[in-house]
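Enquirer: Sequence:
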Amino acid sequence: MSERIGSTVIENVRPQLDAGRWAVKRVEGESLVVQADIFKEGHDVLVAVVRWRQSAPKPQATEWAEVPMVAKGNDLWEASLPLLSNGRYEYTVEAWPDFFATWVSELKRKVDAGRDVKSELLEGAAMLRGHAERAEKAGAPEHAQRFLEAAKLFDAGMNHRAIAAAMDPTLLQTASAYADRSVSTRHDRVLEVFVDREKARYGSWYEFFPRSAVRDGRTHGTFKDAEKWLPYVRDLGFDVIYLPPVHPIGLKARKGKNNSLTAGPDDVGSPWAIGGPEGGHKAIHPQLGTLEDFARFVKEANAHGIEIAMDLAYQCSPDHPYVKEHPEWFLHRPDGTIKTAENPPKRYEDIVNFDWLGPARDTLWPELKSVVMHWVNLGVRIFRVDNPHTKPMQFWAWMIREVQTERPDIIFLAEAFTRPKVMKALAKLGFQQSYTYFTWRNFKQEMEEYLEEITRPPVSDYMRGNLWPNTPDILPEFLQRSGPAGFRLRAAMAATLSSVWGMYCGYEFCDGTPVAPGKEEYLDSEKYQLKAWNPDEPGNIRDYISRLNGIRQRHRAFQLYDNLRFFPSENEQVMAYLKRTPDGSSQVLVAVSFDPYNAQDSVLHVPLEELGIAPDETYQVHELMTDTRGLWQGPTAHVRLTPEQPASIWAIYRFRRSEQAFDYYE
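Each residue of the sequence shown is one higher than the one before, counting from 1140 in this note's numbering.
Treat the hints as calculated values from the structure; they're not laboratory data. Errors might be hidden in some of the hints.
Stated by the list, open to error - Label-pair distances were calculated between CB atoms; the ranges are:
no.: 1; residue 1: Gln-1312; residue 2: Lys-1276; range: 27 to 35 Å
no.: 2; residue 1: Lys-1276; residue 2: Ser-1724; range: 23 to 31 Å
no.: 3; residue 1: Gln-1533; residue 2: Lys-1485; range: 19 to 27 Å
no.: 4; residue 1: Leu-1223; residue 2: Glu-1488; range: 33 to 41 Å
no.: 5; residue 1: Lys-1249; residue 2: Phe-1794; range: 41 to 49 Å
no.: 6; residue 1: Asn-1482; residue 2: Thr-1775; range: 44 to 52 Å
Don't be surprised by glycine CBs; every beta carbon is placed ideally from N, CA and C.
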């Protein structure tokens, strides 16, 4: 005869991403709130748990643990899992009817109605003997003995002792631990959450080319020269330095200044044309130094509180050793030549691409993973990935999971200036951060709509937008025509809308000269030549950038990603928003202008309810950009923003009465 089966239904388990195909993302120290719709026919008392364990890094996989779920009403159940350490976790939901708890509930109602319950007591006794067997198997003989003693009382018939024992809440609690789970239902898939370290959610990135470290535009810099930049970057408030490729650069089809097809003898070429006689992706450009010099640079940066992010560009110059040693890794034309990279009308004559999905992928993919681990072993834990949308999704899903299984602390930023669904797909399969369309959102409504999309579920469950107002590839039209005011306001937006932002060196000097009208590329781009940067050049906004980053460091609300909430501003040129920690210990309001030319005034409708402030309550605001304070009361406030001060950032302080006086707290 077949065994008894269960009939509990588990539906709509969340969070989950694409029916469990990909892991949702969280950060260590956070909790994962798991919800599910759970029910069954009839009126049985249900019990539900979340089963979970840490599955990576290996070999530290843990045993399954269980967290009880709580019924929230209307068949909704919920539990919260503590995510204490960096790594990959698995979770699922299991539920079952607690027949003894159901029996106790029904028995009480029958007794209260004055009904004879002799037969019901016999049923209870039979159940308790089953509980006793399970308690014995679980190594709890004392609990088994208690169940058997209660069963004897029930067998004796209906009396006060039997009824009292049946209603004993401690018996019910103990019995529930040994319920018959042979009739349980388990969700039909195991879901995953990847728990990143804090740096995946919060960081300020600064990109610069070590080869320009001497700053004269003529002398090729070294890593030792680049070390002298570290205090400068630290004082600007950045905690991540992103380096473009630092590998040998090919000679064949090397690009000249301003992407010229003809390179002179002194042209340094594009760092993204990786590989030459000196080596490939695991080598250092000899003019920059040695691997030992690089390792020292990483160590020195760490001593300044800065992590190094390395460019991961899976492409080769025609001179790359791979081309000769592994021709099977590349696609060849019928005439035997290798096709160069193209994105018509653009053509990259100095770059060839891999045959990603060909028969040699079994050796190609592990080699490319070994490139990552090579630099990880030299102290790199962050990689900015060049053009990931031009490589197969299958490769990234495999490679990122392989790396994370060994080193879950590694962070990948996708340079995914591509179609929205492709950008999101890359985030789903494992990239911790992504470039965004922030760079091209220039008006209030489109900015609010886009930031709401990427900072709220379901998108925020898997994607973190790293906001960049410029890159070496992109000089937006807005910055070309707006002067220092435009650079200030875009930096203020990037630094306060998201918990992760970055800028390319030259931004603080308001470098906004395009290569030609209508082009979003720099004149004399550092991609193709050395640059002479002067940190003391008049008109720079270094102090402004430093103040922004300092505010981010001191106010926890700016270090969280999914806490952005817009509130009304009566001027369409002024955007207003709130960021706060869940416990309200850090609360900040921001107002920023979109107009780099004129002063803008606006009435702000302050979200008092979200701030926990009564309509008639007086509270203090500390304007952090100008270090001024004031008292506000009521649901509206006035702000005036100017090209010199295009953003106001207020920390909110409320008053509380102590035994001695009024104190204020943030």
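Enquirer: Now look at each hint and say whether the structure bears it out.
Expert: Going down the list of hints, with the structure as the test:
1. Gln-1312 with Lys-1276: 27 to 35 Å: 19 Å, violated
2. Lys-1276 with Ser-1724: 23 to 31 Å: Since Lys-1276 and Ser-1724 have Cβ atoms about 48 Å apart, the given range 23 to 31 Å is violated.
3. Gln-1533 with Lys-1485: 19 to 27 Å: Distance hint for Gln-1533, Lys-1485 holds at roughly 25 Å.
4. Leu-1223 with Glu-1488: 33 to 41 Å: 51 Å, violated
5. Lys-1249 with Phe-1794: 41 to 49 Å: 57 Å, violated
6. Asn-1482 with Thr-1775: 44 to 52 Å: 50 Å, holds
Against the hints set out earlier in the document, violations occur for numbers 1, 2, 4, 5.
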